[in-house]
Amino acid sequence: MRYAETGFQLEVDLSKGSIEKVETDPRDTALYLGGNGMNAKLLYDRVPPETDPWSPDNLLIFGNGLLNGTCVPGANRVSVNTIAPVNGFFGHSLMGGFFGAEMKMAGYDRIVIQGEAPDLVYLAIYNDKVEIRDATHLRGKGMVDTQRSIQEELNDRRAWVAAIGPAGEHRVIMASIDCGNSSAARTPGPVMGAKKLKAIAIRGTKDVYLAHPAEAWEMCSRLRKELDANPNVGDWMATDEDDSFHHNNFSWGNARVRRKTFWSDSLEERWRNLKYDHMDRWTGCWNCPKACHNLISWPNRRKFSYKCYGKDTYHMASFQELDFTFEILPVAMDLGFDSYSTPQVIAFALELLDAGILTEKDFPGMPSDVRQRFYYLLHKIAFREGIGDVLAYGTSGAAAIIGNGAETFDHNTVKKFEQLPIKLGKLNPAYFLMIATGEDMAITQIEGSFPQDPITDPELKEEFIRKWVAVPDKKFHDWFRQWVKRDQLPDEAMVEICDWNECMHYLDDALGLCGFVSSFRGQFGGTTGYHVWNMPQVITHTTGIEFDKDRLWACFQRNRNLIRALNNRRGLRRHMERPPEDHWAVRNEEYEQQLLTKYYDFKGWTFDGIPTKETLERLSLGYVAEDLIKRGVLNGNEVTALKDPRAKKEKE
Amino acid sequence: MDSNRKKTKIVKEIRVDAKKCVGCKACEIACSAFHAVPKFSSVNTARSRIMVVMDEMRDVFVPVRAGAYTEAECNGRNRYVIEGKEYDECTFCPASCPSRDAFKEPDSGLPLKCDMCESVPPLEKPMCVDACTFGALTYEEREVVRTEAGEVKREDMEIGLEQLVKKYGSKRVLDTLSRLQRLEHQGERRG
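In order, the protein sequence lines correspond to chains A and B. Quick note: the first sequence uses our numbering, first residue 1, plus one each step. Quick note: the second sequence uses our numbering, first residue 1, plus one each step.
For the record, the hints were derived by calculation from the structure and aren't laboratory data. Everything numeric in this text was worked out from a predicted model, so none of it was measured. Treat each hint with caution, since some may be false.
[Said to hold, decoys possible] Each pair of labels, with its calculated beta carbon distance range:
1) B:17 <-> A:248: 55 to 61 Å
2) A:7 <-> B:175: 55 to 61 Å
3) B:85 <-> A:321: 27 to 33 Å
From the three backbone atoms N, C-alpha and C, an ideal C-beta is built for every residue, glycine too.
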């Protein structure tokens, strides 16, 4: 008997047309939990580094967080992982909503897709009945029509449909997978398109068992009420209309222009009215007491819902106002675009036109109005027409193809991924580490447990520390106490802040917990819903597997190192770990490199940023060490970074 | 003796404010866990006796509680337009009915009906209401005074007819009765 998880994964090979329900090893659950951890293990074991991400041999895995489908509030996120075509590394993507819980009730912890269908298909799952169905009639259809058509075909309005739009079908790098109000953005969308899988429809009517029923329910009811009452969790942007932070501090256009005095009271009032005059309601995800999505009805558009910073990206990229986002977002979402990277790619293209690197000839028939230009380019990219065929590779990919100096306009990517448009003055060491070394694509998937800024008032600082139960170790209290200036803390503090921040995200992504009730929300107010002290109890009561803080922390380290090793095997090295050159105006290369060495050393990695044999073996990843040695990535005698002669030289 | 008596009854009522529903399904989860055997041992919203009828594209979010079982689906349905939004009649219908798979035990297909979480000791409020943190479901108990007819004693003929219905089905019994009635009527006319 398995608790919280089903003990089965669905294996679908689209080349062969085969479907198999495979029992999984419960020992893996204790080691990797679920979600991104289990997905990473499958990708490590089954997709060798020679495999091209576009190849049918790449896997696309929809992996349930371990706690999804149970009574644990806020646990609903599915890790959708693959080898990302954009850079060849582990693709990180998360989808909330309802798909995961429904998958659990259908009897699966994850769905593993391999191969490539001969033509467009969709997968229909109703418990043990699984069919690969023709989807050629859905070709070119948007998200809304696809979801509705499939529900009608299956005569089941309660089936959840995760689909790609035209962008995904055309293997656009910025394509996302959408299901209801949630999306798995970026890396998996184009792979789903390459596999010619238009959608997965799922419905389940089976039980998800809880190991300690009374204790689990009592605990979850309490947590639900705590989350509900906690103002520091959930998405403030759903209700707080003061959005001066993003508009005054983030850069507009192609991450280019700061407008430090943009926000005003009158603007806030105008935008508040604009939103509430067109908003139907807030909507939520499976079993979460926070409702973070805003459902909007805009004239001549289908209803759509957005969350968080997705509210800002289109109008900031185009120097417009909120009405433009409300107007274009439903169109872009229906085409299947991610709203973080897509506006940046469009702004990048228009900047190249201004700079003369691209010319009017590259944009035949493009209107002069910037709003219309965004629509024009959205469609060109979605259907890969003309310049859209190039922009479909994302900023870095397109810059490399266009050449002629376009590369210098690709100034806001890390490992070829578009980042949040943040350009600041002074280097922040902890953020340097997170942006440089993070393998979760964006800073919001890495930061979140340690506050972004110190508290200067001694009384308020002590009050904050008193309530700050989430800290995994007292030393964080001490560092916070001595912290006065944002960029000034001992290097070991910066390293461990980065480590703790990462830890919480890795645990959330393996358990299915949403960052908005956990990993992302510790930094604001310090009273996040989940932390390393209550997570073990949650896991024990639902799964029956005994956990404590140390065992849980080891799961984080295991998953972190496994993903690291997977990426090392695919070529990730130290020289790639660089935040954008203009991320901070004032840089110190020497110091940054020393810091990076200290971080690698703390992690038990080599000077090149590869986990040593000892580190891997300590985490029950001996098979990974063996593989890395066999492939010549390690020789087995490496020392950790600070003991490397190059580190000594660096110091001198 | 007067057969009609005044009686005080407690009516348990769940007030549904559909505007406040966010579609999180916490009500369905709580219901299914409470009715699991052993209690809280599983979650399965297909076993829930409350269902959120949800269609984001039409802004429809309506929690509906399982009511009585019906053998046949309606032969006609209404379509309601309320404040510009269109609702299918089934959106509000609590029946476990052949037209849909809602409110049926997934394993046996047997109908499910809300029991307001009656248990010993009694709960303060049904589980779905307790789980709803958005105020879409609230619980009220109202005292009402009702006039109830006195107990009716069943007569021999009713008991006999019931047995005939059991044996031949109500249709045949009714057909026979109407034929007898017709014969009697014809006899009266001839006479």
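Do the hints match the structure? See the list:
1. B:17 <-> A:248: 55 to 61 Å: 38 Å, violated
2. A:7 <-> B:175: 55 to 61 Å: 57 Å, holds
3. B:85 <-> A:321: 27 to 33 Å: Hint holds: Cβ distance 29 Å, inside 27 to 33 Å.
The structure fails hint 1 only (numbered hints given earlier).
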